[in-house]
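Colleague: Keeping the supplied structure of chain Z fixed, place chains L, B, C, A and V upon it in accordance with the hints.
Protein chains: 6
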Amino acid sequence: MIYITRRERFSAAHRMFRADWSDEKNMEVFGKCSNPTWHGHNYILWVTVKGEPSEEHGFVMNLTTLKKIITEKVIDKLDHRNMNTDVDFMAGRIATTENLAIAIWGELRPVIEREGAKLHCVKIEETENNYIEYYG
Amino acid sequence: MIYITRRERFSAAHRMFRADWSDEKNMEVFGKCSNPTWHGHNYILWVTVKGEPSEEHGFVMNLTTLKKIITEKVIDKLDHRNMNTDVDFMAGRIATTENLAIAIWGELRPVIEREGAKLHCVKIEETENNYIEYYG
Amino acid sequence: MIYITRRERFSAAHRMFRADWSDEKNMEVFGKCSNPTWHGHNYILWVTVKGEPSEEHGFVMNLTTLKKIITEKVIDKLDHRNMNTDVDFMAGRIATTENLAIAIWGELRPVIEREGAKLHCVKIEETENNYIEYYG
Amino acid sequence: MIYITRRERFSAAHRMFRADWSDEKNMEVFGKCSNPTWHGHNYILWVTVKGEPSEEHGFVMNLTTLKKIITEKVIDKLDHRNMNTDVDFMAGRIATTENLAIAIWGELRPVIEREGAKLHCVKIEETENNYIEYYG
Amino acid sequence: MIYITRRERFSAAHRMFRADWSDEKNMEVFGKCSNPTWHGHNYILWVTVKGEPSEEHGFVMNLTTLKKIITEKVIDKLDHRNMNTDVDFMAGRIATTENLAIAIWGELRPVIEREGAKLHCVKIEETENNYIEYYG
Amino acid sequence: MIYITRRERFSAAHRMFRADWSDEKNMEVFGKCSNPTWHGHNYILWVTVKGEPSEEHGFVMNLTTLKKIITEKVIDKLDHRNMNTDVDFMAGRIATTENLAIAIWGELRPVIEREGAKLHCVKIEETENNYIEYYG
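Here the protein sequences come in this chain order: Z, L, B, C, A and V. Residue numbers for the first sequence follow my numbering, beginning at 1 and rising by one. Residue numbers for the second sequence follow my numbering, beginning at 1 and rising by one. Residue numbers for the third sequence follow my numbering, beginning at 1 and rising by one. Residue numbers for the fourth sequence follow my numbering, beginning at 1 and rising by one. Residue numbers for the fifth sequence follow my numbering, beginning at 1 and rising by one. Residue numbers for the sixth sequence follow my numbering, beginning at 1 and rising by one.
Isolated chain Z (complex conformation) (with noise of 0.2 Å):
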């Protein structure tokens, strides 16, 4: 088994919050990253596939095939956008790391699949100071 492993980056706008708490008790929960006039992150994305390399061209995967599925289904969604407010695929949830790597799993798994690839992992950097794994 080879893991195999592509980076790509996007920087998004975010807030935590949760509409049915007031600003006071946000700010208690989430500090300052509750700010209503929003902040943002360079985040760094890891996903990592697995699988045997292919007798026959001797990839687990073809990066060029991993690196658009990334694009197409997370980068153009999240990148120079509002990920409360522009992203389908985390509307309802609380922007928070954790959940923002659950839902990009549930975007790349079912497409990694059919590649005839396994997804293992998903990492996001929000900081030079914290990062979020999320294995499924």
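No false leads were slipped in.
No copy is singled out in the list; a pair is fine if it fits within one copy or between any two copies.
Derived lysine-lysine pairs resembling BS3-like cross-links, with alpha carbons at most 25 Å apart: (1) K68 with K32; (2) K32 with K50; (3) K25 with K77; (4) K73 with K32; (5) K67 with K25; (6) K68 with K123; (7) K123 with K67; (8) K50 with K123; (9) K67 with K77.
Hints are computed from structural coordinates only; laboratory data are not their basis.
Modeller: Frame of chain Z; chains L, B, C, A and V shown alone:
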């Protein structure tokens, strides 16, 4: 002459646009950076000051002092905020990194000179692929 | 299950040696790392905790809390100090990165479990060319 | 169980292609990576070994020994060379990073086991946007 | 005056040698960099242009335009190619990074000046341990 | 004129203090950096030399020669040592990065000039958040 540089970081939302332009014109000039629902970045700021190291303690300027100045004058105002709507020194300016560097220079120079050093450069990285330098 | 990782840094002096060995024996086993007048590193520490994201706020664990725990239990004791002589949890241990990772695990696990999450991994980078991981 | 990782680097030329395929077929499957006049990369190699830290000296494995093994068995053969034509352990394999990781695993495992540790992972980064991991 | 820098990357094969020297002489002067079967690197290119930010839109130069120029004039010709045999602007030059920087300067300057900005610096990193800067 | 930069690294212990000051005074001026039991860093050193590339071989200066000079004159004396007590060229100087850069400049300049190049800059990074540059 010795040059000493301090790195600080902030995460902010912004949008490049002119209120006196149509959405179409803004999109034509600023592209996806003018998305009306905002986007954001992890900005990295390097502030370089210059001077002679003191005979007494061997510093050009105490890094703790420099860090305190940058934090109070710049980071506390920008971090986890919206550059267009929340930041006094960006009022009336188009939110390009060029203009941000010029504005930060204006905030920092008088305070750093009061400490006996000279501000040499304000450098801002917006993404890993582009940065701005301003030398006054 | 979601894995969340926080990065912190500390700069410390250390020396690898055994007091019950001669200088020659220490030099033979530990090489230049046993230099009697000490040397030091910028250590990078990644602490990974795991759990289910809360339905209420979407976090596995509040990063502000995790940062506070790591700072109080580990960074404040190691940063700008001598790992061999100043750090209670390293007393009686040879100052290898392996032993440091095990000791930090012991400091962090009970506090993190009290917060309802599980400690998954302590990773320490000593130089850009080597790092240690401990999973308990 | 402790995991210890050593990073090494090598710069090599390569080309992905099959001699039994036409240029058109190679271009279709491998794209620009099959350019007949070669291209190259700065590869980064991480070798992770695992074991219990010794009671005597606190190491899983002496890093100087690990570095020496990786240098002699892998780096000296690949660095500033052509992966397709110059490297004995790549003979007969398509020069994908997947196959390179499997081949390096084969070179390192017996030597590392002779030192009393276990080889855990061979990770190779080809560019900042993609890497391969192999766990045997 | 504002300085704006764009980073781009390319992976290329090369070999340092002079055809009018013997293999021994080439090996003596260029060492392993003259290996006849080629080697390669992930080159990082930083292009810095300077100018006054426009009153109209706040840019020194639109980064999308700068990226397009660098891609067409430099990256498309070098990426996944052999610097010695495939690249018109390197013909007749020894393939050192010094000569590459001078050649890239020659390709970029006229096109950037036509856009109303000034080319300030071409910087090329060959490995993480060495880079070249050329200011014309 | 071409500028060529070589990166080297060393790990050293140090302490900022003046023997003619009380512990209280040292703590007041140098803070935790004056801890009497030492601390340390992974220092990164960039040495930039400048000159015209040779017509004969296309180099400003052979990087192997530059690396050898930096290693012998600087790295071998500082790496895995105590900057205050073990390093001849730091004797009598307060161990600030400013003073270290000036001292390294003094060690390197004559040797580099003997090779026909000019020393342009000594840059030292102490942590990822601060660095010093000295241009003579």
